[in-house]
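Given chain A's structure and the hints, the job is docking chains B and C onto it.
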Amino acid sequence: MKIAALKYCVAGLLLASSAALADVTAPECIAPAKPGGGFDLTCRVAQTGLAAQFDKPIQVTFMPGGIGAVAFSQFNTTRTDDPNAIVAFSSGSLLNIATGKFGEFTENDVRFLATVGADFGAVVVRADSNFETLDDLMAVFKENPAEVVVGAGGSVGSQDWMKGALLLKSVESSPRDMRYVSFEGGGEALAALLGGSIDMVTADVGEVITHLEAGNIRVLAVLSPERLDAPFDQIPTAIEQGYDVEWTIMRGFYMGNNVPDADYQTWADAFAKAYETEEFRKIREEKGLLPLNLSGAELDTKVKQRIGELRQIARDAGLIK
Amino acid sequence: MQEVFASLGTGFGVALAPFNIMLVLIGCFAGTLIGALPGIGPINGVAILLPIAYGLGLPPESALILLAGIYYGAEYGGRISSILLNVPGDAGAVMTTLDGNPMAKRGEAGRALSLSAIASFVGGTFAVILMSMFGPALARFAVTFSPSDYVALMVFAFASLASLVGKNPWKTLMGALIGLMLATMGIDGNTGVPRFTFGVPDLLAGIDFLIVVIGLFGMAELFHLVEQQVTGKLQTLPVDSSFVRMADLARTKWTILRASIIGFFIGILPGTGASVASAVAYGAEKRAAGADTSEFGKGDVRGLAAPEAANNAAASGAMVPMLTLGIPGSGTTAILLGALMLFNVQPGPLLFTQHPEIAWGLIASMYVGNVALLIINLPLVGLFARMLTIPQHYLTPLIAILAFIGVYSIVGNPFDLFLIILLGMFGWLLRKMEFPLAPVILGFVLGGLFEDNLRRALSISAGDWGILVESWKSLALYGLAVLAVVLPATLSYLNKRRARDRAPT
Amino acid sequence: MIDRIFAGTLLLITLAYGFIAFTLIKAPFQYDPIGPEGWPQILAIVAVICLIMLMIRPDVDSLDTSRPTWIKLACASAMLFAYAELYEPLGFIIATALFATLMARLLGAAWGRSAAFGITIGVAGYLVCAGLMGLNLPAGPLPKI
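Protein chains in written order, with the UniProt record's numbering: chain A, 1 to 321; chain B, 1 to 505; chain C, 1 to 145.
One chain only, chain A, in its complex shape:
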């Protein structure tokens, strides 16, 4: 610990002259997973999109273990004041915090910093399905939910399950009456849909693009607050079809709780500035994310409110007491 502190001191002194940014001398983005997944992608957007905002390149490091729980508990115990490190999170992490999967620590033990983009839920059926519109599907959900085999890439209580549960709740059916099959990742669920094992998938917009272009599937609704831009502008939202279901998959970063305000602000400002740049827009699009720009206190408040809502949904569904 002492040695590490000394190292930061020396590095700090060396860089003090050149750095306009207080203590952020060695920016680091932590992806709390193995390389290649969504957290990796989140960090890559920051790495490229924020390159112009810092003197030194942002290092991406991986801290896998327990679906992000290892990183979360480390930033609640030993690295609460590290001004250099930001940790990637997604709505899935928020759900894990809400349902207590991350143990004793809660959303109030970290500070949420900024988002890099978003994806949205999508209600997907095969192109030759009998369900022509969301209304067709919802009518069955209302009358006899067990008639539809719903598949998705997550376990009971995951984001994908939540989307299905919310759809059922919007027509006053119980999520427990759903016929839900969990697969390992959205890809496997879509394969099962195409192969005819299941009738419907609660997927994400980002993962269905190619299948949509190829004409294999039909997207009955997107679960975004408003209509998306092209190529999805033809797909109605669930809300405009009269079902109050929305699911935004947020991707962003948090920091330790004891990071000095000045450093937190430095990072938040860097994101706010980056949002306006062409590089950021480009990398976000390349990584298949849709725009969602929120940083600093605004995001922190919003996320904490969101976790509260998630906790309520989970409680209603009987997932937690």
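There's no promise every hint is true.
Claimed, not checked - Part of the chain C face toward chain B, derived, beta carbon under 7 Å:
1. Phe6
2. Ile25
3. Ala27
4. Gln30
5. Tyr31
6. Pro40
7. Leu43
8. Ala47
9. Leu63
10. Leu80
11. Met103
12. Ala104
13. Phe117
14. Cys129
15. Leu137
16. Pro141
Unchecked claim - With a Cα cut of at most 16 Å, we get these calculated EDC-like pairs of lysine to aspartate or glutamate:
17. B:Lys432 <-> C:Glu85
18. A:Lys169 <-> A:Glu143
19. B:Lys432 <-> C:Asp64
20. B:Lys432 <-> C:Asp61
Unchecked claim - Beyond 10 Å from chain B on every Cβ pair, some chain A residues (computed):
21. Thr78
22. Thr106
23. Asn130
24. Phe131
25. Glu143
26. Pro225
27. Leu228
28. Asp244
29. Glu276
30. Thr277
31. Leu292
32. Asn293
33. Thr301
34. Leu310
Simulated from the structure, these hints should not be mistaken for laboratory data. For each residue, glycine too, the CB sits at the ideal point set by N, CA and C.
This is chains B and C only, laid out in the frame that chain A set:
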């Protein structure tokens, strides 16, 4: 078919550009090196080198060709540590240790390495040919495999394992059960409930496959070496200049062909892959050998060639659903899918019409990559085999150092370093008690697939077990499973009877 | 005898595993009839039968490991645990150099050669793996490359 050849021509035009050939060679070489580290198989090799490849700012087709080289290189490299150190590089290489390592131990490392390189080459090339001919049609068939069909496939895979039975069948069964039980640790994929995690966050995601393999094989091997060192049973091997012989190839030609077919077809099914393919191929080979199985597990060339041909064929087979449907069939192809998307190439049904130069360039570079690997690897065999001449008091710590590098650089969690040591002690004990280790690993890999698909099938049917025997694919697989168990017993009975009938005359 | 002890120990672990499977694991609700507890329950039952068979019909009498071997094995384990413990704090180069030196010495190399081997492997390993291949290894107090 005409079309296929024309498109392949275009592809070769891209892949054979001098700059791209150079990239394939560099990729293969780097991939081989990184794959040779114990535990770092193709998944991690590609994941590690992907950012570097991306950072070079190459045009998409060149970058993908480089990645394909790395992928194949790592696939080949994985067998090096299996054969030399008895530490499989990834799940698909577990079966390679069974006969590959005994060969190395008796001074035929060069023979084992070169034979496996050729088996891999044939398996890989065979699969790429099938892929370019029938890819899309096969992919459409593969997705019709429902969860209940997967259950049948798992039953068949476990039935194939019956051939692994060693001296004491109860120990084989217990080994598989240990693997199955280890696989249940972590969050249940179906209900999200943590199982056997004892509140330790590091265990929530379960124990990584890599950890189990490096622990049970690599670290256990280390303890074993220490023990032999002390008792003086261990001698440093002399320089080994053995090489594959024509007779070996003649003996294994049908083995390699059979294993390539098995590997390819299992590989195209999403979710299964090299591990299932190599296990089934090994079992099939042992069965095909009839009465002549005494050398299996002690360094039989067929036992080495079969899993190597199968796992490379499966690796290429897994590319079929990824390229044609956009559905990754394995961890590695999931990463390749991510890589394609990095370059704004969206795999899927439209890939071949929208970006023919990329799709066919990639396929052509798989042909080139396979050839390049053979050319790079055969001369290097001697160099790698020389590793075994390092005195044991240096080689033993080296195993730990390589294992630590593998685990830390991929998993990045010091907790896992302790786990591999504990698993290593356990593995050493199992070995001392004469438990076979391969069933542990296969139980670990297949257990999750078995449980998940069984529960998926029953969720689909709302609890009706009848779903398991509904489709002709399931029934066919159960039939094969019964054959796999009954046939060898019947054959040996018939053989004995024939021998007895003949005896009196 | 030793195999009976081993099978007995495994049996105790399996019983604990089974106890957890039969009592503690439970989903708030589930869609499949097996649930998160069903599969481990089946495994536990089969494993118990299997272990009882192993206890009835043992086949390995003793470990055949002498006292000096046990001591060396214990030393090797201790070194491995220390290596794991110090991996991050000391960084790859120093931790590896120390571990490789001591391990080579334990296995019978001379002190001088062991140290030379340890230092070489620590430095070269880091340069090749972290430098050339870009793997993520702990730098410890030394500057990162």
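Hint check:
With a least beta-carbon distance of about 5 Å to chain B, the hint placing C:Phe6 at the interface is held under the 7 Å criterion. A cut of 7 Å between beta carbons decides the hint on C:Ile25: the least distance to chain B is about 5 Å, and the hint holds. With its C-beta approaching chain B no nearer than about 4 Å, C:Ala27 sits inside the 7 Å limit, and its interface hint holds. Interface restraint check for C:Gln30: the shortest CB-CB distance to chain B comes to about 5 Å, inside 7 Å, so the restraint holds.
For C:Tyr31, the interface hint holds, since its Cβ comes within 7 Å of a Cβ in chain B; the closest pair sits about 5 Å apart. Satisfaction of the interface hint for C:Pro40 is found here, the shortest Cβ-Cβ separation to chain B being roughly 5 Å, below the 7 Å cut-off. The interface hint given for C:Leu43 holds, since its Cβ lies 5 Å from the closest Cβ of chain B, which is under the 7 Å cut-off. A cut of 7 Å between beta carbons decides the hint on C:Ala47: the least distance to chain B is about 5 Å, and the hint holds.
Interface restraint check: C:Leu63 against chain B, minimum CB-CB distance 5 Å, threshold 7 Å, status holds. The closest approach between the C-beta of C:Leu80 and any C-beta of chain B is roughly 5 Å, which is under the 7 Å cut-off, so the hint is satisfied. The interface hint given for C:Met103 holds, since its Cβ lies 4 Å from the closest Cβ of chain B, which is under the 7 Å cut-off. Against a cut-off of 7 Å between C-beta atoms, the interface hint on C:Ala104 holds, since the closest Cβ of chain B lies about 5 Å away.
Interface restraint check for C:Phe117: the shortest CB-CB distance to chain B comes to about 6 Å, inside 7 Å, so the restraint holds. Interface hint status for C:Cys129: upheld, as the beta-carbon distance to the closest one in chain B is roughly 6 Å, under 7 Å. For C:Leu137, the shortest C-beta to C-beta distance to chain B is roughly 6 Å, which falls under 7 Å, so the interface hint holds. Because the smallest distance between the Cβ of C:Pro141 and any Cβ of chain B comes to about 16 Å, over 7 Å, the interface hint for this residue is violated.
A distance of roughly 27 Å separates the Cα atoms of B:Lys432 and C:Glu85; the hinted pair therefore is violated under the 16 Å criterion. The suggested pairing of A:Lys169 with A:Glu143 holds, with an alpha-carbon distance near 13 Å, which does not exceed 16 Å. For a cut-off of 16 Å, the pair hint linking B:Lys432 to C:Asp64 stands: about 9 Å separates their Cα positions. Proposed proximity of B:Lys432 and C:Asp61 is supported: the alpha carbons are some 11 Å apart, at most 16 Å.
Here A:Thr78 stays apart from chain B, with its beta-carbon at least about 12 Å from theirs, past the 10 Å limit. No beta-carbon of chain B is positioned within 10 Å of the beta-carbon of A:Thr106; the least distance is around 14 Å. No beta-carbon of chain B is positioned within 10 Å of the beta-carbon of A:Asn130; the least distance is around 17 Å. Separation of A:Phe131 from chain B is adequate, the least Cβ-Cβ distance of about 17 Å exceeding the 10 Å criterion.
With a least beta-carbon separation of about 16 Å from chain B, A:Glu143 lies farther than 10 Å from that chain, consistent with its non-interface assignment. A cut-off of 10 Å between C-beta atoms confirms that A:Pro225 is not in contact with chain B; the least separation is 26 Å. Distance to chain B confirms A:Leu228 as a non-interface residue, since its nearest Cβ pair spans about 17 Å, more than 10 Å. Distance check for A:Asp244 against chain B: the nearest CB is about 25 Å away, which clears 10 Å, and the non-interface claim stands.
The Cβ of A:Glu276 lies farther than 10 Å from every Cβ of chain B, with a closest approach of about 23 Å, so its non-interface assignment holds. Every beta carbon of chain B lies more than 10 Å from that of A:Thr277, the smallest distance being close to 19 Å; the non-interface claim holds. With a least CB separation of 19 Å from chain B, A:Leu292 remains clear of the 10 Å interface cut-off, as annotated. Non-interface call for A:Asn293 relative to chain B: holds, since the shortest CB-CB distance, roughly 22 Å, exceeds 10 Å.
For A:Thr301, the shortest C-beta to C-beta distance to chain B comes to about 27 Å, beyond the 10 Å cut-off, and the non-interface label holds. The Cβ of A:Leu310 sits about 14 Å from the closest Cβ of chain B, beyond the 10 Å cut-off, so the non-interface label holds.
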